[in-house]
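Enquirer: Sequence:
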Amino acid sequence: MYWQSKMDIIAEQPEPIPDDKKRTNAVLETIQQLGQTATPAMTESNIFCMTIIGQVEGHLVLPPQNKTTKYEHLIPQLVAAEQNHKIEGIFIVLNTVGGDVEAGLAIAEMISSLTKPTVTLVLGGGHSIGVPIAVAGDMSFIAATATMTIHPIRLNGLVIGVPQTFEYLDKMQERVVRFVTSHSNVTESVFKELMFKTGELTRDIGTTVIGSDAVKHGLIDAVGGLGEALKELNRRIEASKSSREVPLQ
Numbered sequence: 013m014y015w016q017s018k019m020d021i022i023a024e025q026p027e028p029i030p031d032d033k034k035r036t037n038a039v040l041e042t043i044q045q046l047g048q049t050a051t052p053a054m055t056e057s058n059i060f061c062m063t064i065i066g067q068v069e070g071h072l073v074l075p076p077q078n079k080t081t082k083y084e085h086l087i088p089q090l091v092a093a094e095q096n097h098k099i100e101g102i103f104i105v106l107n108t109v110g111g112d113v114e115a116g117l118a119i120a121e122m123i124s125s126l127t128k129p130t131v132t133l134v135l136g137g138g139h140s141i142g143v144p145i146a147v148a149g150d151m152s153f154i155a156a157t158a159t160m161t162i163h164p165i166r167l168n169g170l171v172i173g174v175p176q177t178f179e180y181l182d183k184m185q186e187r188v189v190r191f192v193t194s195h196s197n198v199t200e201s202v203f204k205e206l207m208f209k210t211g212e213l214t215r216d217i218g219t220t221v222i223g224s225d226a227v228k229h230g231l232i233d234a235v236g237g238l239g240e241a242l243k244e245l246n247r248r249i250e251a252s253k254s255s256r257e258v259p260l261q
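Take the position in the sequence shown, starting the count at 1, then add 12; the result is the number in our numbering.
Please keep in mind that the hints were generated in silico from the structure rather than gathered at the bench. The beta carbon of each residue, even a glycine, is placed where N, CA and C say it ideally should be. Everything hinted at is true.
Subject to a maximum C-alpha distance of 30 Å in a straight line, what follows is the list of computed DSBU-like cross-link-like pairs (lysine-lysine): (1) K243 with K228; (2) K82 with K98; (3) K243 with K253; (4) K183 with K228; (5) K228 with K204; (6) K209 with K183; (7) K128 with K98; (8) K253 with K98; (9) K204 with K82; (10) K243 with K98; (11) K253 with K128; (12) K128 with K228; (13) K128 with K243; (14) K183 with K82; (15) K128 with K79; (16) K204 with K183; (17) K128 with K82; (18) K243 with K82; (19) K228 with K209.
Distance ranges between label pairs, derived from CB positions: (20) V39 with I222: 34 to 44 Å; (21) G66 with F208: 22 to 32 Å; (22) F208 with S57: 35 to 45 Å; (23) L238 with T177: 39 to 49 Å; (24) E200 with F178: 13 to 23 Å.
Just need the whole structure built from these sequences, with the hints factored in.
Expert: Shown next, in the form of structure tokens:
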């Protein structure tokens, strides 16, 4: 029978990693993942930040090389933010090319039905079905160089050439138009004019509006960036707190 001595057991145990080496490994991992040596210390915030980036993925899974936002991931987060008493405001940042119409409308309806103050910010682009999401908040901002593409609804894949198909498309389009016009200052006639405009997009019907033009048409409330958007959200949070305070009798 083989008996291990106490010294052999101790020798087999791995040596503890020094604190300096742990810190070095953490710094190297941060550089590899984020490209910087240190990240700002994140304290617990009363604002929930949600990003809608790339293509809005709906009922069909997109190829792995596509950067996507899955609507089934966002909806539970919005429900959790609505129920969390520590969260006092929701900040939605968009840089999306659009995507699935029903998934985008589902996200937009969820944002518009939140009881907590919500502010949206379009950075880079808020195209196609990103437009209803951008206008779903209480207040919307767009960067000066950001763009929004407005175009008719399209179908991919096999399309049956019958009148019912076009009626379905028309009804879906009306849902988008109705949502956008009811949650922004753009009129139905102006929005449809932008949607069906020819000559501006080389291979498509529609319009691309930039920053101040989106505000001029009434789609977005104001031109601004991160600072202005957060300032407005904090102002709305304070106003919401004041309205909830019951005066003493």
